[in-house]
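All chains, please: the whole structure from these sequences, using the hints.
The listed protein sequences derive, respectively, from chains A, B, C and D.
Letter by letter, the first sequence follows residues 1 to 270 in this note's numbering.
Letter by letter, the second sequence follows residues 1 to 270 in this note's numbering.
Letter by letter, the third sequence follows residues 1 to 270 in this note's numbering.
Letter by letter, the fourth sequence follows residues 1 to 270 in this note's numbering.
Hints may contain errors.
Computed, partial: chain A to chain D, Cβ under 8 Å [said to hold, decoys possible]:
#: 1; residue: Arg32
#: 2; residue: Thr95
#: 3; residue: Pro96
Simulated from the structure, these hints should not be mistaken for laboratory data.
A virtual CB, placed ideally from N, CA and C, is assigned to each residue, including glycine.
Protein chains: 4
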Amino acid sequence: MTPSWIDSMLTARIYDLEQPRFAGMPIHPAHRPGYFYALHRRHRDTFLPNQHGPRSSASGALTMMEHSGTHLDALCHQANELRLFGGLPVDNEETPAGFKHLGVETVPPLVSRGVLLDVCGHKGQSVLPAKYGITADDLTSCARTQGVEVPPGRVLLVRTGYGALWCGEEQVYLDAAGVSKSGTLWAAERGVIAVGADNMAWDVPGERDPDTGATLFGHLHLLTEKGIYILENLNLEDLARDRCWQFAFLAAPLKFRGATGSPLRPLALV
Amino acid sequence: MTPSWIDSMLTARIYDLEQPRFAGMPIHPAHRPGYFYALHRRHRDTFLPNQHGPRSSASGALTMMEHSGTHLDALCHQANELRLFGGLPVDNEETPAGFKHLGVETVPPLVSRGVLLDVCGHKGQSVLPAKYGITADDLTSCARTQGVEVPPGRVLLVRTGYGALWCGEEQVYLDAAGVSKSGTLWAAERGVIAVGADNMAWDVPGERDPDTGATLFGHLHLLTEKGIYILENLNLEDLARDRCWQFAFLAAPLKFRGATGSPLRPLALV
Amino acid sequence: MTPSWIDSMLTARIYDLEQPRFAGMPIHPAHRPGYFYALHRRHRDTFLPNQHGPRSSASGALTMMEHSGTHLDALCHQANELRLFGGLPVDNEETPAGFKHLGVETVPPLVSRGVLLDVCGHKGQSVLPAKYGITADDLTSCARTQGVEVPPGRVLLVRTGYGALWCGEEQVYLDAAGVSKSGTLWAAERGVIAVGADNMAWDVPGERDPDTGATLFGHLHLLTEKGIYILENLNLEDLARDRCWQFAFLAAPLKFRGATGSPLRPLALV
Amino acid sequence: MTPSWIDSMLTARIYDLEQPRFAGMPIHPAHRPGYFYALHRRHRDTFLPNQHGPRSSASGALTMMEHSGTHLDALCHQANELRLFGGLPVDNEETPAGFKHLGVETVPPLVSRGVLLDVCGHKGQSVLPAKYGITADDLTSCARTQGVEVPPGRVLLVRTGYGALWCGEEQVYLDAAGVSKSGTLWAAERGVIAVGADNMAWDVPGERDPDTGATLFGHLHLLTEKGIYILENLNLEDLARDRCWQFAFLAAPLKFRGATGSPLRPLALV
Numbered sequence: 001m002t003p004s005w006i007d008s009m010l011t012a013r014i015y016d017l018e019q020p021r022f023a024g025m026p027i028h029p030a031h032r033p034g035y036f037y038a039l040h041r042r043h044r045d046t047f048l049p050n051q052h053g054p055r056s057s058a059s060g061a062l063t064m065m066e067h068s069g070t071h072l073d074a075l076c077h078q079a080n081e082l083r084l085f086g087g088l089p090v091d092n093e094e095t096p097a098g099f100k101h102l103g104v105e106t107v108p109p110l111v112s113r114g115v116l117l118d119v120c121g122h123k124g125q126s127v128l129p130a131k132y133g134i135t136a137d138d139l140t141s142c143a144r145t146q147g148v149e150v151p152p153g154r155v156l157l158v159r160t161g162y163g164a165l166w167c168g169e170e171q172v173y174l175d176a177a178g179v180s181k182s183g184t185l186w187a188a189e190r191g192v193i194a195v196g197a198d199n200m201a202w203d204v205p206g207e208r209d210p211d212t213g214a215t216l217f218g219h220l221h222l223l224t225e226k227g228i229y230i231l232e233n234l235n236l237e238d239l240a241r242d243r244c245w246q247f248a249f250l251a252a253p254l255k256f257r258g259a260t261g262s263p264l265r266p267l268a269l270v
Numbered sequence: 001m002t003p004s005w006i007d008s009m010l011t012a013r014i015y016d017l018e019q020p021r022f023a024g025m026p027i028h029p030a031h032r033p034g035y036f037y038a039l040h041r042r043h044r045d046t047f048l049p050n051q052h053g054p055r056s057s058a059s060g061a062l063t064m065m066e067h068s069g070t071h072l073d074a075l076c077h078q079a080n081e082l083r084l085f086g087g088l089p090v091d092n093e094e095t096p097a098g099f100k101h102l103g104v105e106t107v108p109p110l111v112s113r114g115v116l117l118d119v120c121g122h123k124g125q126s127v128l129p130a131k132y133g134i135t136a137d138d139l140t141s142c143a144r145t146q147g148v149e150v151p152p153g154r155v156l157l158v159r160t161g162y163g164a165l166w167c168g169e170e171q172v173y174l175d176a177a178g179v180s181k182s183g184t185l186w187a188a189e190r191g192v193i194a195v196g197a198d199n200m201a202w203d204v205p206g207e208r209d210p211d212t213g214a215t216l217f218g219h220l221h222l223l224t225e226k227g228i229y230i231l232e233n234l235n236l237e238d239l240a241r242d243r244c245w246q247f248a249f250l251a252a253p254l255k256f257r258g259a260t261g262s263p264l265r266p267l268a269l270v
Numbered sequence: 001m002t003p004s005w006i007d008s009m010l011t012a013r014i015y016d017l018e019q020p021r022f023a024g025m026p027i028h029p030a031h032r033p034g035y036f037y038a039l040h041r042r043h044r045d046t047f048l049p050n051q052h053g054p055r056s057s058a059s060g061a062l063t064m065m066e067h068s069g070t071h072l073d074a075l076c077h078q079a080n081e082l083r084l085f086g087g088l089p090v091d092n093e094e095t096p097a098g099f100k101h102l103g104v105e106t107v108p109p110l111v112s113r114g115v116l117l118d119v120c121g122h123k124g125q126s127v128l129p130a131k132y133g134i135t136a137d138d139l140t141s142c143a144r145t146q147g148v149e150v151p152p153g154r155v156l157l158v159r160t161g162y163g164a165l166w167c168g169e170e171q172v173y174l175d176a177a178g179v180s181k182s183g184t185l186w187a188a189e190r191g192v193i194a195v196g197a198d199n200m201a202w203d204v205p206g207e208r209d210p211d212t213g214a215t216l217f218g219h220l221h222l223l224t225e226k227g228i229y230i231l232e233n234l235n236l237e238d239l240a241r242d243r244c245w246q247f248a249f250l251a252a253p254l255k256f257r258g259a260t261g262s263p264l265r266p267l268a269l270v
Numbered sequence: 001m002t003p004s005w006i007d008s009m010l011t012a013r014i015y016d017l018e019q020p021r022f023a024g025m026p027i028h029p030a031h032r033p034g035y036f037y038a039l040h041r042r043h044r045d046t047f048l049p050n051q052h053g054p055r056s057s058a059s060g061a062l063t064m065m066e067h068s069g070t071h072l073d074a075l076c077h078q079a080n081e082l083r084l085f086g087g088l089p090v091d092n093e094e095t096p097a098g099f100k101h102l103g104v105e106t107v108p109p110l111v112s113r114g115v116l117l118d119v120c121g122h123k124g125q126s127v128l129p130a131k132y133g134i135t136a137d138d139l140t141s142c143a144r145t146q147g148v149e150v151p152p153g154r155v156l157l158v159r160t161g162y163g164a165l166w167c168g169e170e171q172v173y174l175d176a177a178g179v180s181k182s183g184t185l186w187a188a189e190r191g192v193i194a195v196g197a198d199n200m201a202w203d204v205p206g207e208r209d210p211d212t213g214a215t216l217f218g219h220l221h222l223l224t225e226k227g228i229y230i231l232e233n234l235n236l237e238d239l240a241r242d243r244c245w246q247f248a249f250l251a252a253p254l255k256f257r258g259a260t261g262s263p264l265r266p267l268a269l270v
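Here you go:
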């Protein structure tokens with residue numbers, strides 16, 4: 001009665017693209033203090049047999065920036081000359097509790113096809129050089145070698161190799177390679193619905209667009225002009241190891257009303 | 001090259017089972033203060049053309065209990081006579097930063113088939129009476145009428161109708177109908193991997209197991225004895241409206257290391 | 001060698017004017033979620049004899065609004081036509097981390113004389129009627145009966161009686177009596193350096209200045225025009241019981257850089 | 001009518017012994033993430049002339065450990081063989097919301113005489129060597145040179161010189177000099193009611209009591225055996241500059257129910 005594709009999906013191999021979350025994981029300086037979990041109620045606290053029988057309960061409290069760990073950037077996260085995607089002036093949109101429009105609660109579940117371009121592997125490296133800028137040529141060449149294309153509607157994932165360093169020195173991770181302006185334009189021209197990388201910010205840390213002076217050109221172009229979401233801090237190691245370049249991509253950002261992003265746990269299924 | 005079932009999946013209808021998240025949404029008294037989002041950096045704060053060109057960035061900070069909004073309970077959330085699932089004594093497992101084992105980071109992505117039993121609709125009501133306890137007979141009768149079965153490995157969702165009241169009076173929502181002991185046993189016997197409902201706690205508020213004196217019998221039985229996850233505060237209204245009883249079920253709790261639960265955005269695809 | 005007044009001070013009777021702080025204490029709706037303390041590290045967590053010998057340590061985490069509990073309002077807390085005290089336009093002053101000027105870190109320690117006007121007692125009531133507005137006449141009459149004056153430089157405390165209801169029903173406390181416009185003007189004309197009351201907001205809840213339409217006239221007038229600090233949620237019960245109308249007043253707001261207020265524990269010494 | 005000593009107090013010179021509080025100030029590793037303030041409501045958000053007239057309001061949210069910045073340690077902060085001061089077993093005392101006894105809300109306002117021993121200045125240094133342990137002999141010799149005694153009931157402050165480095169490199173501050181075991185015993189024998197220093201922890205970082213193996217011997221001895229409070233992260237620079245060795249000491253920890261410490265703003269008056 002239910003569709004037969006579900007049976008196939010149930011036998012698919014699942015790749016978990018989320019990095020683990022813990023106090024001490026790398027955090028972008030703009031998003032400190034980042035992440036903190038405190039176990040609050042413990043089992044002995046609530047073990048009251050007269051009240052609850054043999055049952056007890058434990059729980060905790062999270063303090064976290066919405067841009068901590070593996071996450072998605074909502075469109076309202078960035079502005080261009082103080083206008084959001086679609087031209088909305090920021091001054092009309094900001095409230096203490098978040099944005100009136102384009103908050104992360106407006107992002108649909110991402111249920112699509114995904115493509116991985118393993119630029120790091122393509123170049124025969126275990127990790128790209130610090131602050132290396134992945135160019136359009138890198139992406140073209142990598143796609144050709146892998147034998148894949150990036151048609152419209154895809155989620156495009158790019159591997160720098162820094163995902164393997166998530167639990168290491170924070171500064172090394174913060175200085176990761178990223179996607180340069182030409183690489184971002186290449187992705188946008190292909191009509192992808194989202195891009196992602198295994199680094200802190202998709203973009204190359206510190207790179208500046210010579211035309212506008214913008215830092216984080218990808219953030220500016222993708223979020224404010226193209227309406228393309230950005231996924232950050234992905235773990236692409238297993239996909240790369242298995243040379244899995246194409247897959248079903250599933251990710252569902254949480255609907256924090258008005259927030260500028262959301263942690264998520266993206267999955268690739270093959 | 002990629003599996004053909006993905007094409008079918010891409011044309012599926014997607015049901016979003018997550019309730020919106022906002023300060024003021026219903027919170028279980030044990031999990032106050034619940035949820036708070038503060039927009040922190042605003043666009044004008046970071047609009048510094050000399051430094052960043054035309055680009056500016058906004059972001060915020062979340063304070064939230066892991067059991068706020070639509071969420072999944074990890075196995076360590078409950079204990080039975082101070083032992084977790086598998087018999088682990090709680091005293092060895094708790095740390096300030098969370099549990100050593102059975103934390104929510106150990107929950108695999110839920111990629112499975114799901115079944116909805118719309119008990120509320122089956123009884124011809126828009127919402128079940130406050131604190132009504134859904135019995136095994138209710139579930140059997142509902143399944144028969146709907147023409148569905150609940151084989152092992154499924155995610156079983158039960159509708160009380162209270163999901164429609166998420167944005168209303170908190171106390172009304174807290175006093176929702178739930179699944180009684182017999183209903184929980186019925187579900188567990190079927191070998192489901194997770195259960196969920198459109199109320200705060202799956203269980204009937206205030207109900208007590210006559211045998212052990214336990215409150216929240218479902219929490220006790222499912223999490224500590226059966227290893228079955230519980231999903232809470234689901235929105236099942238659209239599924240019920242469309243009489244969509246069987247579907248692909250997708251949900252991916254975040255890997256908060258050591259935490260006792262995680263917010264998530266479950267999806268049903270048909 | 002050290003001044004002899006200190007000896008006298010050491011024998012003074014000390015009145016503690018701070019209300020206790022706990023989750024569930026009354027919070028102004030604008031300052032929710034208000035206050036939350038989670039014990040985080042517990043002694044057994046850090047009891048590691050090989051590492052620390054017999055010593056262990058416990059500590060917790062606070063989430064709180066700076067306007068929770070007994071606290072002082074800094075001048076930047078209020079604006080008049082979008083200008084702070086001294087005419088500073090708000091747009092130049094706000095940053096994600098707080099105000100550039102007039103933050104609570106600029107408030108000097110309050111070491112002065114204080115005067116209590118027990119309007120509630122003067123009227124022979126245990127608590128003033130809900131939302132009663134204390135007028136200039138009330139203050140004049142109360143001061144005359146008590147035989148006190150309010151010269152420049154004093155801290156003026158006004159008792160409504162609601163301090164006794166701190167641990168009771170939140171809504172009753174939120175609907176407390178307060179100081180009306182004429183009462184605020186009376187205080188300001190006397191050149192006091194700070195005012196305070198045993199209610200949530202000094203002002204009368206809901207009262208509107210007929211001239212400007214301003215709510216919370218006292219906040220507007222005292223903080224943005226006069227540079228007079230406001231103390232809220234004081235406990236004045238013991239002072240009143242002992243008919244202690246004049247005293248040394250000591251209070252030291254914390255220097256949270258850029259914040260709009262600070263919790264404090266004011267003392268009266270006689 | 002009011003005591004004449006108050007007039008003298010009002011003309012006293014006030015020394016502010018609190019360090020400024022800001023994100024990025026030094027935090028003990030055990031108390032991370034430490035301190036965070038987010039401006040939340042801004043003036044334009046609440047500037048609604050139809051509702052509030054010309055008045056607007058701004059406020060923020062604090063996330064902080066109670067042991068951040070200048071603060072006092074409550075007795076429950078430490079345990080000795082899992083017993084608190086007075087022999088209370090920790091297991092009976094801990095709750096999710098804090099300690100049942102000996103929480104910081106039980107600390108009386110500190111209104112007393114204080115003595116500063118400027119060991120750093122006494123040794124002719126601008127700052128003591130990293131991890132230098134101040135001995136009983138150092139304190140005796142310093143007191144003799146300064147011509148002061150430390151009678152019972154005093155608050156004893158010891159200067160290492162590291163208070164001047166509060167806004168500098170965190171690691172330098174964390175490696176400050178401190179008071180060694182013999183220095184702690186010297187202080188305790190004198191019957192002081194509280195001790196304090198211009199470093200993170202009073203004690204010498206890393207020092208171990210040869211008898212019990214305890215780290216932070218001062219914490220263990222003073223809090224669990226003697227009931228003497230500890231003040232940390234003081235700013236003693238101005239007192240030392242003015243060679244002000246004796247003074248009235250005033251400090252009032254906040255009454256966070258059940259918490260293990262409190263930020264405060266201590267004052268010295270002469």
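Status of each hint after checking the structure:
1. Arg32: Nearest chain D Cβ about 7 Å off; hint holds.
2. Thr95: holds, 6 Å
3. Pro96: holds, 4 Å
This entry satisfies every hint, going by the numbered hints stated previously.
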